[in-house]
Amino acid sequence: MNNKLILSFGILVGLFFVLYGVIVPNQKPEEPNTIASVNGHPIYQTDLDLALQALSMNKRNEVNEEDKRTILERLIDEQLLLQRGLEIDLPQTEGMVRKSIVNSMIDKIVVEGQLFSVPENLLVEFYESNKDFFSGHSEVHIKKLFLEYRSQSEDERNLDAIRQLLIDGEDFDFVEAEYGDYVLPEIPNMLLPIKKLRDYVEPDLVEIVLNMTPGQITSEIETENGYVFLYMLSTIRGEEKSFESVKKEVLIEYKRRNDELSLKNYIEWLRKKSEIIYVQ
1 MNNKLILSFG ILVGLFFVLY GVIVPNQKPE EPNTIASVNG HPIYQTDLDL
51 ALQALSMNKR NEVNEEDKRT ILERLIDEQL LLQRGLEIDL PQTEGMVRKS
101 IVNSMIDKIV VEGQLFSVPE NLLVEFYESN KDFFSGHSEV HIKKLFLEYR
151 SQSEDERNLD AIRQLLIDGE DFDFVEAEYG DYVLPEIPNM LLPIKKLRDY
201 VEPDLVEIVL NMTPGQITSE IETENGYVFL YMLSTIRGEE KSFESVKKEV
251 LIEYKRRNDE LSLKNYIEWL RKKSEIIYVQ
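Take 1 as the starting number for the sequence shown in the numbering used here and just add one per residue.
Take the hints with a grain of salt, since some may be wrong.
[To be verified] Simulated restraints on C-beta separations:
hint, residue 1, residue 2, range
1, Tyr149, Asp77, 26 to 34 Å
2, Asp160, Lys68, 38 to 46 Å
3, Leu115, Leu80, 38 to 46 Å
4, Val124, Asn33, 46 to 54 Å
5, Pro185, Leu50, 39 to 47 Å
6, Tyr179, Leu233, 16 to 24 Å
7, Asp173, Glu148, 15 to 23 Å
8, Pro185, Asp77, 45 to 53 Å
9, Gln83, Met105, 18 to 26 Å
It should be emphasised that the hints constitute simulated quantities derived from the structure, not laboratory data.
For every residue, glycine included, the Cβ atom is placed at its ideal position computed from N, Cα and C.
Taking the hints into account, I'd like the entire structure generated from these sequences.
See below:
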């Protein structure tokens, strides 16, 4: 049995449990389905079953009793580490931990507010109100800030600085000169047809550009070699398209904006029920 594999896998499973609420406090150990308790926090049979199922996919031989015991001990270790991490306020002191929790919370909010079907009359109405958006870009003027991957702490420090400067309205060229790393090919400082833009940026980034509006700056985008910020200066719109020809895109965009609204409403609810004090 590869103990290193079990440990690594167990850590991932434990993180999943933490972020999605499978580890629930304040339950009694004698409750049905509880197989262990760590400082009053239960570990359920379903937790173990999920971990074993995932392990079996990475193991040639059938999972045996020793494997089950090892995985259970790993779940206990993870719960101990989790409790200690909360005890020392790790989510507030470690940027990557905080970011993981925030991102997982955003995913949870979006999933809960997700639309599985949208009546066609609403899609047509949405399309009519956003015809310019669905006509697409024929040419775009884009700038890019590239930040090469370094250490986790240095990346977080640089990203925080870049975000703050851009939020404060600092000139994109200045921020790029201060923090950006040189990368080839350089995007020409001019309007480019979409087909030509594909010569300078990755396909995934082109798809993002197609959904941007003039003046918009993206948050950091993780790519193979580093982080990228995109800035759209201007655009020339393409010809108007019929609803039927862009129906799929209309549905995707409708759902995307619904996700944004769900998140916005949830954050507003959090703000209303919380005490927020601005210290000048």
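Item checked: Outcome for the supplied range 46 to 54 Å, where the beta carbon pair is Val124 and Asn33 -> The hint (46 to 54 Å, Cβ to Cβ) holds, given that Val124 and Asn33 are roughly 49 Å apart.
Notebook entry, point to check: Is 16 to 24 Å a correct range for the gap between the Cβ atoms of Tyr179 and Leu233?
Noted result: holds (19 Å)
Check: Does 45 to 53 Å hold as the CB distance between Pro185 and Asp77, or does it fail?
Finding: holds (48 Å)
Next item on the list: State, for the Cβ atoms of Leu115 and Leu80, whether the hinted interval 38 to 46 Å holds or is violated.
Entry: Given about 40 Å between the Cβ atoms, the range holds.
Notebook entry, point to check: Does the hinted range 38 to 46 Å hold for Asp160 and Lys68 at CB?
Noted result: With Cβ atoms ~43 Å apart, the hint holds.
Margin query: Tell me if the beta carbons of Gln83 and Met105 are separated by a distance inside 18 to 26 Å.
Written below: holds (20 Å)
Notebook entry, point to check: Could one say that the CB atoms of Asp173 and Glu148 fall in the range 15 to 23 Å?
Noted result: holds (19 Å)
Notebook entry, point to check: Between Pro185 and Leu50, is the Cβ distance one that fits in 39 to 47 Å?
Noted result: Given about 46 Å between the Cβ atoms, the range holds.
Next item on the list: Could you check the hint for me, namely that Tyr149 and Asp77 are 26 to 34 Å apart, CB to CB?
Entry: holds (30 Å)
Consistency with the previously given hints is maintained throughout, with no hint failing.
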